[in-house]
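Keeping their order, the protein sequence lines are chains G and U.
Okay, so the first sequence: first residue is 1 according to my numbering, each after it adds one.
Okay, so the second sequence: first residue is 114 according to my numbering, each after it adds one.
Possibly wrong hints are sitting among the right ones.
To give a feel for the contact side, a few chain G residues facing chain U, derived at Cβ under 7 angstroms [unchecked claim]:
1. Q41
2. P43
3. F45
4. N51
5. F65
6. F66
7. G105
The list that follows gives simulated cross-link-like pairs (lysine to aspartate or glutamate, EDC-like), each with its CA atoms no further than 20 angstroms apart [what the hints assert, rightly or not]:
8. U:K181 to U:D198
9. U:K162 to G:D100
10. U:K162 to G:E44
Hints in this document: simulated from the structure, not taken from any laboratory.
Using N, Cα and C, we set each Cβ at its ideal position, and we do this for glycine too.
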Amino acid sequence: GAGVSQSPRYKVAKRGQDVALRCDPISGHVSLFWYQQALGQGPEFLTYFQNEAQLDKSGLPSDRFFAERPEGSVSTLKIQRTQQEDSAVYLCASSNRGRDTQYFGPGTRLTVL
Amino acid sequence: AQSVTQPDIHITVSEGASLELRCNYSYGATPYLFWYVQSPGQGLQLLLKYFSGDTLVQGIKGFEAEFKRSQSSFNLRKPSVHWSDAAEYFCAVGPYGNKLVFGAGTILRVKS
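Work out the full structure, taking the sequences as your base and the hints as a guide.
Given below as structure tokens:
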């Protein structure tokens, strides 16, 4: 595709609900990254995939956060039992190789009430 | 640990004036450095990047940045700002283990 796409663009959840955020990377990009951007802050790393392998999940804030990329293309970030502190913009990025430029999607703005 | 500092939270410049956004980093090896721009409700767009070689790098939209190893800096410049440049700018270093570390951002306001 032309760029990284994410869906939904906006998600409102009640506290305690589970949510799933989707990322479609640029076609052919082997590396995929998830970042969390709180209001007024820079993005913070959550997790990284190379193809279907999750190589780094050190940034996931709790075991309520889970990410997968089963076929090495589309990725889903799942948040279980959402809390108010999970409210943020979740950004997905892809790159051609692990050390190349990362291209970002428009993000999903999650609001937990 | 690696980190990025953007000392200015907000900057206001007049349209047509020059611009410099500051970025200082802490990184254990030769850094890969990036500047991204984010407009409201949008994702991050890459302005320019430094991997190696010439320390003055040119980017899109008339932006440039200079890598100064001795000062651990990678400041972004533009000789003449346009109203459409109003946005938030992020400096980033990495990849460190394939993750980017971002600064907190600088919000640019352009007054006519």
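>> Would the hint linking K162 (chain U) and E44 (chain G) be met if the CA-CA limit is 20 angstroms?
In response: Judged against 20 angstroms, a Cα distance of about 19 angstroms means the pair holds.
>> Does the closest beta carbon of chain U sit nearer than 7 angstroms to the beta carbon of N51 (chain G)?
In response: Check failed: Cβ of N51 (chain G) comes no nearer than 13 angstroms to chain U, outside 7 angstroms.
> Regarding the hint that F45 (chain G) lies at the interface with chain U, is the smallest CB-CB distance below 7 angstroms?
Replying inline: For F45 (chain G), the interface hint holds, since the closest Cβ of chain U sits about 4 angstroms away, which is under 7 angstroms.
> Close enough to count: is the Cβ of Q41 (chain G) nearer than 7 angstroms to one in chain U?
Replying inline: holds (6 angstroms)
>> For the restraint on G105 (chain G), tell me whether the closest CB of chain U is nearer than 7 angstroms.
In response: holds (5 angstroms)
> Under the criterion of a CB-CB separation shorter than 7 angstroms, is F66 (chain G) in contact with chain U as hinted?
Replying inline: It is violated, given that the least Cβ distance between F66 (chain G) and chain U is near 18 angstroms, above 7 angstroms.
>> Does F65 (chain G) hold up as a contact with chain U if the rule is Cβ-Cβ below 7 angstroms?
In response: Hint on F65 (chain G): violated, closest Cβ of chain U at ~15 angstroms, above 7 angstroms.
> Once the shortest beta carbon distance from P43 (chain G) to chain U is found, is it less than 7 angstroms?
Replying inline: holds (5 angstroms)
> Given the hint that K162 (chain U) pairs with D100 (chain G), does the C-alpha gap stay at or below 20 angstroms?
Replying inline: holds (10 angstroms)
> For the pair supplied as a hint, K181 (chain U) and D198 (chain U), is the alpha-carbon distance within the 20 angstroms limit?
Replying inline: violated (24 angstroms)
Consistency note: the structure conflicts with the earlier hints numbered 4, 5, 6 and 8.
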